[in-house]
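J.: Chain by chain, the residues run as shown.
There are 2 protein chains.
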Amino acid sequence: MAVFALTVAYDGSRFSGFARQPGAETVQGCIEDALMTALGEKVVTTGAGRTDAGVHALAQVVSFEWDAELDSHKLQRSLNALTSEGIVVTGVRLMPVGFSARPSAMAREYRYRLVPGPVPPLFLARYAWWVRSGLDLRAMRQAAQSLLGEHDFTSFCVAASAEGKPTCRRLEVVDITPETVLGEHSVVIRIVGNAFLHSMVRVIVGSLVETATGRRAPEWLSEALAARDRSAAGPTAPPHGLTLWQVTYPDECWL
Amino acid sequence: MAVFALTVAYDGSRFSGFARQPGAETVQGCIEDALMTALGEKVVTTGAGRTDAGVHALAQVVSFEWDAELDSHKLQRSLNALTSEGIVVTGVRLMPVGFSARPSAMAREYRYRLVPGPVPPLFLARYAWWVRSGLDLRAMRQAAQSLLGEHDFTSFCVAASAEGKPTCRRLEVVDITPETVLGEHSVVIRIVGNAFLHSMVRVIVGSLVETATGRRAPEWLSEALAARDRSAAGPTAPPHGLTLWQVTYPDECWL
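Chains as they are written, first to last, in this note's numbering: chain F, 1 to 255; chain B, 256 to 510.
If we strip away everything but chain F, and leave its shape as in the complex, we get:
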């Protein structure tokens, strides 16, 4: 028995989310269909992060078990020929036995892109949230400080299904940087943590934007966190600004 990991980029606007669902076009469904065609047998995969409908990925990691030899380059070429437009397999690697993309992950990095100001983005329209006002990056950075470290992030979790499950997560990085991409000005919020609750990044972004537009003071964010109540935090930012950027594994996961 061997374990393989695919690194997968996708344009979330074309899919009803990552996780396989009957009757819906999902990233995982597409990849499993392509694997079945390429390998001739049904394959069950595990993804590192279950991104919502509309959320993109630059390097989602998808693992599966397979009990025969595989030519990684050939499989990558086949999958890229078989998967629909909107999915690109950027790598295929043999992993140690016991590896699984979700439980083995140590950290996830998400990036959220905003375009501020009165003029809508063009080339970035599919990949950024257009916030029609200016953004006070200093206020946003000050507010972001209160999120670092280990906290109960209940206020930033959308799913009711999380009831009774642990809601503590540890954030290592929340940084905010202006970036010009394809000639258009944007602001990137980069968030790295051990794991994330459902929609957590999008509620964090929606709340940070409340402080960046002056609707809330930077101190409000730590109060929202302490409240452990979804209604205390800001709105959920739209999915199309968000990209699962990178997943980190311990060194021993790389053969």
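None of these hints come from the bench; they were simulated from the model. Accuracy of the hints is not assured; some may be wrong.
Label-pair ranges, simulated between beta-carbon atoms [claimed, not checked]:
hint : chain 1 : residue 1 : chain 2 : residue 2 : range
1    : F       : 98        : B       : 388       : 36 to 44 Å
2    : B       : 493       : F       : 250       : 40 to 48 Å
3    : F       : 70        : B       : 404       : 48 to 56 Å
4    : B       : 351       : F       : 217       : 41 to 49 Å
5    : B       : 507       : F       : 134       : 28 to 36 Å
6    : B       : 449       : F       : 102       : 52 to 60 Å
7    : F       : 102       : B       : 486       : 53 to 61 Å
8    : F       : 69        : B       : 490       : 36 to 44 Å
9    : B       : 404       : F       : 180       : 25 to 33 Å
10   : F       : 198       : B       : 323       : 52 to 60 Å
A virtual CB, placed ideally from N, CA and C, is assigned to each residue, including glycine.
Please arrange chain B on chain F, whose structure you already have, making use of the hints.
T.: Frame of chain F, contents of chain B only:
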């Protein structure tokens, strides 16, 4: 009588080129329709560059005459509400009498984006030409040297309609730079010249790629230029990698 200049960004994949044509969805047609709705009268516009179908613009300049007062900000908002998806008016300015976007332009800057290697681009798929092999940037830069300065660019002109018209153009910059955009690796060819023949940038790029993939030696490009014959140069690169980036006017054009 006053003259106004719009700065316009557009996604070329949604249009049959810039120039107005009966029965086709063009950028100029869209803008003129929006101006007619906003101003209540038919308006004839002039664009700085007649980009082909599929070619994008970050800052196309479109001028028109108007014999009444205009609130620039209000007009910009109206146009952005009226034009179809794929066009964004990024600025509206009052210009000196006599200004016209095409004849007044001193220089145009185009950028062409390539994605080299076996893995196709995802986020850049609409904005870059995927060249499946590696690219030798040194060979490409060496070849590009022969294009600088004033030359007869007949070998790099696609249109037969250019017969009898002047074919000399002056290139000031041809530089080639790797750039990572939205997490994807690309190579940007930046070309600045006083003016361009039909499809000239795309034939230059197609020819530079011949040298970058080793199919031609760098010296071949100066021979192709000297031949003054379209068949001596390389293929025409696809339109979707190309963006009209910037148009430069003399200082006295800015009020």
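J.: Each hint: holds or not?
T.: Hints versus structure:
1. Here the CB-CB span from residue 98 (chain F) to residue 388 (chain B) is close to 38 Å, well matched to the stated 36 to 44 Å.
2. For residue 493 (chain B) and residue 250 (chain F), the hinted distance range of 40 to 48 Å is satisfied, since their beta carbons lie about 43 Å from each other.
3. With their beta carbons about 54 Å apart, residue 70 (chain F) and residue 404 (chain B) fall inside the hinted range of 48 to 56 Å.
4. Between residue 351 (chain B) and residue 217 (chain F) the Cβ separation comes to about 47 Å, which falls inside the hinted range of 41 to 49 Å.
5. The given range of 28 to 36 Å is respected by residue 507 (chain B) and residue 134 (chain F), whose C-beta atoms sit roughly 32 Å from each other.
6. At roughly 57 Å, the beta carbons of residue 449 (chain B) and residue 102 (chain F) sit within the given window of 52 to 60 Å.
7. A hinted range of 53 to 61 Å for the beta carbons of residue 102 (chain F) and residue 486 (chain B) is consistent with their spacing of about 57 Å.
8. Under the hint 36 to 44 Å, the C-beta atoms of residue 69 (chain F) and residue 490 (chain B), about 40 Å apart, fit the expected range.
9. Between residue 404 (chain B) and residue 180 (chain F) the C-beta distance comes to about 30 Å, which sits within the given range of 25 to 33 Å.
10. The given range of 52 to 60 Å is respected by residue 198 (chain F) and residue 323 (chain B), whose C-beta atoms sit roughly 55 Å from each other.
Of the numbered hints given earlier, the model fails none.
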